[in-house]
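Colleague: Chains as they are written, first to last, in our numbering: chain D, 1 to 473; chain B, 1 to 473.
Calculated directly from the structure, the hints in this document are not laboratory data. Treat the hints with care, since some could be wrong.
One copy or two, either will do: identical chains are not told apart, so a pair holds if it fits within one copy or between any two.
Listed below are the simulated DSS-like cross-link pairs for lysine-lysine, each with C-alpha atoms no more than 30 Å apart in a straight line [to be verified]:
#1 K34 <-> K310
#2 K8 <-> K424
#3 K437 <-> K459
#4 K310 <-> K213
Being a predicted model, the structure only gives us computed values, none of them experimental.
Number of protein chains: 2
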Amino acid sequence: MDFTAFRKYAHELVDWMADYLESPESRRVVPEAKPGEIRAQLPTSPPEQAEAFADIIQDFTSLIVPGMTHWNHPGWFAYFPANHSPPSILAEMLMSTIGAQCMSWQTSPAATELEQVVMDWLGQMYQLPEGFTGTIQDTASTSTLVALLSARERATQHAFGQQGASAPNADKMRVYISTQTHASADKAAKLAGLGLQNVRKVPVDDNYAMSPKALTDMIEEDLAQGYLPTCVMATVGTTSSSAIDPLEPIGKICKKYNIWLHVDGAYAGTAAILPEKRYILDGIEYADSLVINPHKWMFTNFDCSAYYVKDVDLLLRTFKTNPEYLKTTYDPQVVNFRDWGIPLGRRFRALKLWFVIRTYGVEGLQERLRHHIDMAQTFSQWVQEAPDFELLAPTPFGLVCFRYLPEGVAEEQLNTINERLLAKVNQNGQVHLTHTKLNGQYTIRMCIGQLYTELEHVKGAWELFQTHKNESH
Amino acid sequence: MDFTAFRKYAHELVDWMADYLESPESRRVVPEAKPGEIRAQLPTSPPEQAEAFADIIQDFTSLIVPGMTHWNHPGWFAYFPANHSPPSILAEMLMSTIGAQCMSWQTSPAATELEQVVMDWLGQMYQLPEGFTGTIQDTASTSTLVALLSARERATQHAFGQQGASAPNADKMRVYISTQTHASADKAAKLAGLGLQNVRKVPVDDNYAMSPKALTDMIEEDLAQGYLPTCVMATVGTTSSSAIDPLEPIGKICKKYNIWLHVDGAYAGTAAILPEKRYILDGIEYADSLVINPHKWMFTNFDCSAYYVKDVDLLLRTFKTNPEYLKTTYDPQVVNFRDWGIPLGRRFRALKLWFVIRTYGVEGLQERLRHHIDMAQTFSQWVQEAPDFELLAPTPFGLVCFRYLPEGVAEEQLNTINERLLAKVNQNGQVHLTHTKLNGQYTIRMCIGQLYTELEHVKGAWELFQTHKNESH
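Make a model of the complete structure from these sequences and hints.
Modeller: Structure (structure tokens):
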């Protein structure tokens with residue numbers, strides 16, 4: 001394909017893209033595809049000869065698009081959002097055109113320096129105290145692993161990385177998370193070689209927030225048994241119910257016992273840009289690392305995970321390699337982000353964040369977040385006022401946790417009824433919600449955070465619950 | 001930004017993109033930026049109010065682009081390439097517009113099934129034997145870590161992940177790489193908790209390929225001392241000199257001692273799509289895992305790293321999490337790629353690979369690779385024929401390793417002279433080459449693999465060496 005053809009097809013696809021963005025409601029959020037259906041329509045072998053690009057576009061629109069789940073549909077209430085926005089998409093277009101691989105300063109000077117700038121900007125928006133330095137990772141899961149590996153190395157004075165399991169105390173390390181912490185924390189403990197059985201799950205209070213008292217008890221118990229408390233992972237906005245672990249008391253405990261504090265604000269951390277929500281990061285000065293995902297609630301294409309640390313030297317000592325073939329003359333003077341995480345290669349992710357922050361401005365972003373939180377409050381209100389629905393957790397952000405609670409139905413039937421109700425609501429195709437379990441109770445999660453969601457969509461979802469509730473039992 | 005504005009700006013940027021692609025030679029490959037220069041031109045704080053998008057574009061073109069290193073310049077001879085191509089860029093545009101987060105089948109049915117299809121296609125193109133199943137990871141570094149974690153879990157029957165350092169044999173594990181293996185192997189051993197000191201560096205032969213005899217000796221030595229040989233990492237196309245570790249004898253050794261064999265074909269593995277180069281993967285049937293990066297030499301935007309394994313169950317047991325909030329009704333019937341690696345979230349990377357393979361066809365890709373290899377042969381010939389240059393390694397692919405060897409200059413001065421010469425050549429701005437050291441000798445790496453590189457660019461580079469050679473000593 002020459003550049004004349006590229007120009008032609010790019011213009012053609014831009015119109016497709018704009019049409020796609022303008023017409024989300026003409027599509028189901030989740031397709032009706034059955035497993036294997038799409039694959040069965042595709043050739044099992046690669047073409048020997050070049051194919052006409054027009055045919056490829058045709059297959060894309062007729063076979064692929066109808067089989068996609070549309071995360072940016074205004075009826076998206078599932079999981080946490082993975083938002084994009086027009087300026088973010090435009091930035092991705094430019095990033096992919098330049099196609100730089102941003103491992104080192106010299107392989108991408110502007111990308112490296114722009115990453116420093118936007119991470120500083122974000123830090124100011126979150127009102128982080130002095131001393132935090134940021135980089136962009138792909139996901140919060142990876143950031144959590146990076147944090148735990150750093151904690152492991154600090155606790156063993158880098159002996160674990162050098163000697164492996166024979167390092168002093170390598171078999172004594174303990175990690176503390178809550179019963180509500182994201183599964184990536186367990187996974188990180190497993191992958192980092194600390195062992196799943198060394199992950200202790202701290203009980204939570206009635207609001208599903210980690211109990212500092214219970215944390216202290218566990219630490220004391222472990223110390224008495226000769227363990228080495230290594231890392232506490234606190235969450236601001238847990239996945240199941242957006243609970244807020246209290247950073248201030250947890251941070252003081254970490255300080256007292258010299259334990260690494262990692263804060264997972266993947267979803268809700270973004271709310272810290274609102275003065276009225278900044279309290280969620282109170283105590284962040286005690287943290288050693290923090291992750292917040294602009295790709296969740298800041299309208300920036302996945303992947304874009306903002307990771308902050310206090311001790312950059314420790315991060316570098318944990319992740320840096322320095323082979324001859326990567327050395328550049330500028331190394332002593334510059335930041336080489338390749339040494340700040342697991343992968344060597346890196347995309348130019350800073351550009352999309354820069355485009356988004358400038359296009360909306362801090363006030364524009366705040367306005368949108370407030371709108372989402374307001375709509376969640378409204379939905380929460382409807383749930384609380386309905387005689388046959390029940391709110392199952394507080395609603396500090398955009399997530400409403402609830403269930404259908406029809407009169408006269410035994411508790412043991414409620415999980416099945418709610419599972420069935422959710423399936424019926426989702427079947428409609430104009431909304432998508434997911435579930436969790438809180439205290440064993442099947443919980444419907446209505447997460448309002450998609451850029452284009454308006455009250456009519458939220459109302460539409462609520463009406464679907466009203467329409468289908470009687471069919472579910 | 002509403003969709004009308006998006007459409008307008010997207011068309012405007014498409015013209016910028018096509019212009020950019022059409023005019024690489026109007027730009028230096030590596031900018032003359034000094035550290036901190038770009039950052040100094042950017043505001044230190046985020047804007048409170050929205051900014052006009054036209055201003056953002058203006059800043060992008062005037063501040064960012066001139067500060068970028070252009071990896072897709074035809075004068076790119078540095079590192080290994082990180083190619084893109086018009087169809088790949090078009091796919092990235094569509095991927096970012098849909099903005100799907102492809103963690104589970106249900107969150108992106110078409111993306112999951114297309115990933116299965118293209119990974120099957122690639123497997124056929126590489127002529128992989130039956131039994132390999134593929135997924136797309138971000139980078140080879142990550143793939144190497146995934147492989148080593150899998151090897152660790154297999155060798156300890158999953159006890160390391162469960163118990164950490166106290167697992168039986170956790171402190172006995174040994175990893176074998178060559179002196180030429182990529183630094184990400186050391187990093188993986190460190191991160192996976194096996195310990196840098198348990199990485200043994202197998203000597204290489206005169207062509208920088210791992211010596212099977214020396215590998216056997218090391219394994220026997222370790223066994224005699226009670227160690228548990230866990231993983232061998234063989235490379236097809238090492239970073240410094242594109243050496244080819246012999247997979248067949250290494251594979252037989254791994255089979256005999258029941259050691260995990262990971263094959264790193266990040267750069268050169270792509271050459272296996274050429275019948276005349278397929279021999280490089282002879283013995284691949286012994287491998288447990290394999291990584292080849294289409295983002296290096298298959299004209300597909302970074303990131304796109306093809307990772308194959310034989311034992312999917314083991315991969316899943318190593319990486320799978322199954323929290324309630326991620327469960328979908330289809331889980332028993334489908335592949336959820338979130339469980340095939342470290343991050344939970346995933347971009348829709350299969351689309352660009354599908355676009356690229358179809359646009360060029362297998363033959364089109366082969367033709368381009370052959371062209372690169374031919375040009376490298378030509379350059380290698382020039383080096384060999386020049387009385388004052390020396391070839392430092394074989395040239396099986398697109399990489400030529402050489403140095404300037406002026407008559408009457410002592411060996412101890414050659415490193416400085418070559419470093420100086422390379423700096424002068426790069427200073428010109430129309431080419432970019434990097435270096436390595438082979439046997440302590442400063443080695444200039446001329447890697448020919450950029451999609452738009454033609455013989456005139458290769459000639460231009462050679463002429464620059466001729467022009468500047470006398471100024472370097």
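Colleague: Are the hints correct? Go through all of them and say.
Modeller: Comparing the hints with the structure gives:
For a Cα distance limit of 30 Å, the shortest separation of K34 from K310 across copies, 26 Å, qualifies, whereas the shortest one inside one copy, 47 Å, does not. Proximity of K8 to K424 under the C-alpha cut-off of 30 Å is found in neither arrangement, the shortest distances being 43 Å within a copy and 40 Å between copies. For a Cα distance limit of 30 Å, the shortest separation of K437 from K459 inside one copy, 24 Å, qualifies, whereas the shortest one across copies, 66 Å, does not. For the identical chains of this complex, K310 and K213 are intra-copy neighbours only, at 26 Å inside a copy versus 47 Å across copies, given an alpha-carbon limit of 30 Å.
In this structure, the one hint that does not hold is number 2.
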